[in-house]
Amino acid sequence: MGRGLLIWLTMAVLLSTRVVLAVDTTQLANPALQTRYLALTHELRCMQCQNQTIADSPVGLASDMRREVREMLLAGKSDDDVRNFMVARYGEFILFRPRFSARTAWLWLAPGVLLLIGLLVAVRVVRQRSALVGQDNEPVEEDSPPT
Amino acid sequence: MNRFLLPLGAFALLVIVLAVGIKHSPEKGIIPSPLIGKAAPSFHLPVLNDSARTLSTSDLKGRWYVFNVWGTWCVSCREEHSFLLQIQKSGLIPVIGLDWKDDDDQAREWLAQLGNPYEVVAVDRDGRTAIDWGVYGAPETFLVNPQGIVVYKYVGPLTPDAWETEFLPRLPAHRAAKS
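Protein sequence lines, in the order shown, are assigned to chains A and B.
Count along the first sequence from 1, then add 23; that gives the number in our numbering.
Count along the second sequence from 1, then add 852; that gives the number in our numbering.
If you're looking for bench data, these hints aren't it; they were derived computationally from the structure.
Hints may contain errors.
In silico lysine-lysine, BS3-like type, Cα no more than 30 Å apart, as pairs [claimed, not checked]:
id, chain 1, residue 1, chain 2, residue 2
1, B, K953, A, K100
2, B, K953, B, K941
3, A, K100, B, K890
From chain B, some residues computed to sit far from chain A (all C-beta separations above 10 Å) [what the hints assert, rightly or not]:
id, residue
4, R855
5, N901
6, S908
7, W916
8, S934
9, Q965
10, N997
Beta carbons are placed, not taken as given, at the ideal position from N, Cα and C, and that holds for glycine.
Same shape as in the complex, but just chain B (with noise of 0.2 Å):
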């Protein structure tokens, strides 16, 4: 009996190891971001309809906003869209696009297209503000504070299921009229 004691107690000590690790295990793919509790990433970017106006992370403060990060090579950004109109209709909370790595014709021309749910989106041509905020895949979506703190980010296409759950309870209206 005895002997089988130690390779068993070892046998029980790996199933709770991987156990945890499995549990722990991020969604496939979908990796925290460090950013969350944050001041969000400031830049200063170009305006896709205003050649003469900018955008900086200061202009923002202030309020609540959503900030997108899309693209018109990016095909789930598509998918994503007509609840990015719905959430503008709302009046809840305006959403911010950040245009990332695009060609500005084809962005104007998918905006002219598909509506636009943007209040303003910001012109990422090289790629430096989705780095500074840790973005590795279009679309991404960020949920902003009035004190400029990253409070929630969502990776993927956005669904009404994912904003009832995760963006909605995190806005203060939202817990207002809950209690």
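Looking at chain A on its own, in the form it has when it is part of the complex (with noise of 0.2 Å):
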């Protein structure tokens, strides 16, 4: 009885914590228009508590930044432009998912170079251990069982 009160209570918290949590609760008429502005709010970098998103964050600036946003998107900007509306005023720091240009290339292609890396030198170590395995012709000893 003890353990059942004790689930139902972590669960009552649980619950009423998201609830409590919940920071944005904008809910479009458009669900095309709802889904890209929950993209575009997961996205673009609260500037005054710099980890989180506008989406998360419960300050003033965040909600003012949601507001352009909100906006931009019911007056039938694109999702880019919404982009380049915020990298124009604080940088493409703003963006959780920086874009490929020439200074963000590398961090676009470091993870696959690093893989390619990665690949030539397992084939080298098998190729050289195989080898060595095809040069040993010495027969493996082995035990005979005792007759």
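Take each chain as given, in its own frame, and dock them per the hints.
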């Protein structure tokens, strides 16, 4: 009985915190716009609390920035229009998903390059080892079962 | 020997990459403004102490000015206030205020109590102009030239030290005095 009560209490606490944590309660009438709104607010950095997105941040500036996003979407602007608007004011740093450019190329390409280097090293090691096995002509010593 | 060369080289490369990263990382929390070298964002806002007046960016063209973003809710603004008064007293350059998301009455009270360093204060009640200027925390102070180009941006309470090293050298009067 004690355990059952504990589980119910835990669930009650978890469910209630979820409600409390909802910072942004915006609901746009158009579901497509709402999806884009959520995606955009989750990839723009709150400049005041720099490791949160504007969707997660309760500060006033974040809600002002969400308002800008909302109004631009309702005015028919594209996602890139919204990103450009923010970057023009706050710089590339505002994007949690940096755009591909000459400056950010290494950021996007480095994982692929590193993977390629790893593959090459792995292939070389495997080749060397199998060459060693090929040269090894000595028969493996085996114990014969007692007769 | 040879088999240590590759890992050692990789390690050296890693050290270089990290060193460059640390050196280039901006001072914690301070983000370079993309507005530097660009036209000051335009606005058209009511004026704090004169409800009949409005202020636009075009009104400010033709002379150097300091654009200071503040609010009565901002603790560090109180810290820099006395220095703003000193700048005003020097008569070197006008200080234009942007009262960011504030209560007008409280703002007037603040200026009456602490002194008014501003030639004029524009009121940004809904915070749109602050976003246009890329403001992310008060106080922030911009230096704008007569062509309306943002020359410099300072984040945080303005100090005499920052004024001497960052603002004054960018002003023509200072340049002329030096040469």
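Violations among the numbered hints, reported as their numbers in ascending order
none
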